[in-house]
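Novice: Note that the protein sequences, when read in sequence, are chains A and B.
For the first sequence, the working numbering begins at 1 and goes up steadily by one.
For the second sequence, the working numbering begins at 1001 and goes up steadily by one.
One or more of the hints may lead you astray.
Computed far set for chain B versus chain A, every beta-carbon distance over 12 Å [to be verified]: (1) ILE1005; (2) ILE1013; (3) LEU1042; (4) VAL1046; (5) CYS1099; (6) GLN1101; (7) ILE1109; (8) PHE1117; (9) PHE1140; (10) PRO1180; (11) SER1195; (12) ILE1206; (13) TYR1237; (14) ILE1240.
Incomplete in silico selection of chain B near chain A, CB under 8 Å [what the hints assert, rightly or not]: (15) VAL1008; (16) ILE1138; (17) ILE1329.
Since the hints were made in silico from the structure, they are not lab data.
We put the beta carbon where it would ideally sit given N, CA and C, even for glycine.
Residue-level listing of the chains:
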Amino acid sequence: MNILADVLSATILFAVPLLLVALGGMFSERSGIINLALEGIMIVGALLGCHVLRWLDPSVQSGAMHGQVAVLIALAVAGVAGILFSLLLAFSAINLKADQTIGGTALNMFAPAFSIVLTWAILGQGQTTMTLPKWVRITQETVGVTPNDGFFQRFIFTSLYLTTFLAIILFAIAVVLLYKTRFGLRLRACGEHPQAADSVGINVYRMRYAGVMISGFLAGVGGMSFVFAVGGFQSDVAGYGFLALAVMIFGNWKPWSILGAAVFFSFFRVIGNYAASIPFLPKFENLQGVSTYLWPMIPYVVTMILLVLTSKKSRAPKAEGIPYDKGQR
Amino acid sequence: MKKSIIGVLSSVIAILIGLLLGMVVLFLVNPDQAWGCFLSMLTAGVSSSAKFAKVLYQAAPLVMTGLAIGFAFKTGLFNIGAPGQYLMGAFAALICAICFQLPWPVCLIAAMLAGAFWGMFPGLFKSLFNVNEVITSIMFNWIGLFIVNLSLMNIPKMLPPYWVNSPVKDRTASLKYANPDAIIPKGGLDKLFDSPYINISILLAIVLAVVVYIILNRTTFGYELKACGNNRESARYAGINAKRNIVLSMVIAGALAGFGGALYYLSGEADYNILKVLQANGFNGIPVALLANSNPIGIIFSALFISYIQIGGESMQPHFATENIDIIISVIIYLAAFALLTKSIIGKFFKTDKSNVNAEPKPSTVNATGKEESK
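Produce the entire structure from the sequences given, and follow the hints as far as they go.
Specialist: This is the structure in structure tokens:
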């Protein structure tokens, strides 16, 4: 039972970044811009968030600031950094009508390099690993619950961070924003038929900027929550941005399906770490590198199979990837 | 002004802006060392014949991955799967060389087949199920990495302890004692340049670039591929089998990338490191192809340039991280993304073309990722 609680807890922990980043991708693509730069935006968000946490560490240690307030500040900084970085994509894709995939690739290449260079500059030569301070995790002591090792306590507190709550709130906001507001309707219109949207007075460029900036915010926050999930930052997010893109496609560009897809992928990601202690799973005892290479491969293989199986039902926003040109007939 | 000259000029401008920004970053990080290191970065590649030999050696795989990406661009596909195909090629070459003790030409052919096999999947998925090739390629990059690493770790013959008395287990055995026959011949170039790195790989890469150029520009098949890239619907209307061409284009692109992987690892000077990261040579094919506007002959030169500044980046250590080079390269890709705009600005700037403005516009050749399904 303890194992089950741990696995479920970790599943939620790893689902949070996937969910946030995939939602980000959804907003961008629903507005008509393919955001391949999610991976890079995650890195930039995580980078600045980590440096803020490191900078705030002394004041938390001395008790001048509550740990979770510092975490919230770091998340906000990560989100803002994500917005600013995503503006580069928006500028090239919307104003300059450049190829969106290539622009995104450039940002993906820039982010890890920039992260290493900046971390060197701040921490000193050759230093690239940032570790998280202990106080970021919410433990039973933090909230004043009597420590106890029951199933629910374990499920909730094994790996609980502020990001879990934030993800729930942001998810709710995302659903309402996309489906229940005028803004959401307009955003979706720009991704489906921008000419029609323009003809009724919607500023397509502005809506697309909004879509990319929302995705930048969510991907930045998602990058920081990835750092919480793995417990440190080494100038990369292990392909999570791309996995989030797959989650988004598998989730058919719809928030609720994306939530399901994110939990599903995260479960496969987590199960590998615990495979050795789960009784009914195969052990591959005579193979080397099972936990580092075999289990982590499964989400990717499953993604491919699922993308093929669901390809008939898959419906991308019609105008995604096509620069909007007012004069085009 | 001629279109090709404008293309070259816009690439040169992208490079200059990239270098300038790289220099600014150096100055921001460490002003004392910045200028000296920047200069040594710019000159390292020609500072000695051995260094230049290394530029040539590292350019060969870059030519191949650049061709792999450029070739797919021409068919309207963004082959970001080149790192996976490159890796599969390297893997097949090393397995043939070390496990089966085969000579180098066989290893090279095996690498092409393995790369083609890995490139086939994104092509098939795109044409049969209409799954975006970018997502498929990225997924297959990771799947390939995990398969290769898992296999290498579990084949004892591939690791150094089988061949020599060594505890090292995180890399493949060196070809020097595992199978010297599999090392690509030096052809006397090593004496000429006084460097063990150089071999005939750069010449092989150039030959293949010319072959690709001929396929694209002098054959019906190449014409069909380009037609699919420019407008898939009208190509289909003209009786071209677009689905088959997508798969073929990815298979050929994969073969080219796989060949590149073999060129790098069959030199006898590089062992494959079993790490959790994809080889940068695959990704660097993207700037190589973009800088050359996917022209196979141009790719030779842009590969030389990227290789040159990478060697330069190594010379900046330990004062600066080699990743500064990646910043420069990424800025160049970013600028290349809106190459069309830069081109029109340059075109206006040097406007000498007084021809009929109402003439039929020439078909665009820069249709990079095939966004032709607009209507």
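Novice: Which numbered hints does this structure break?
Specialist: Structure breaks hints 9, 15.
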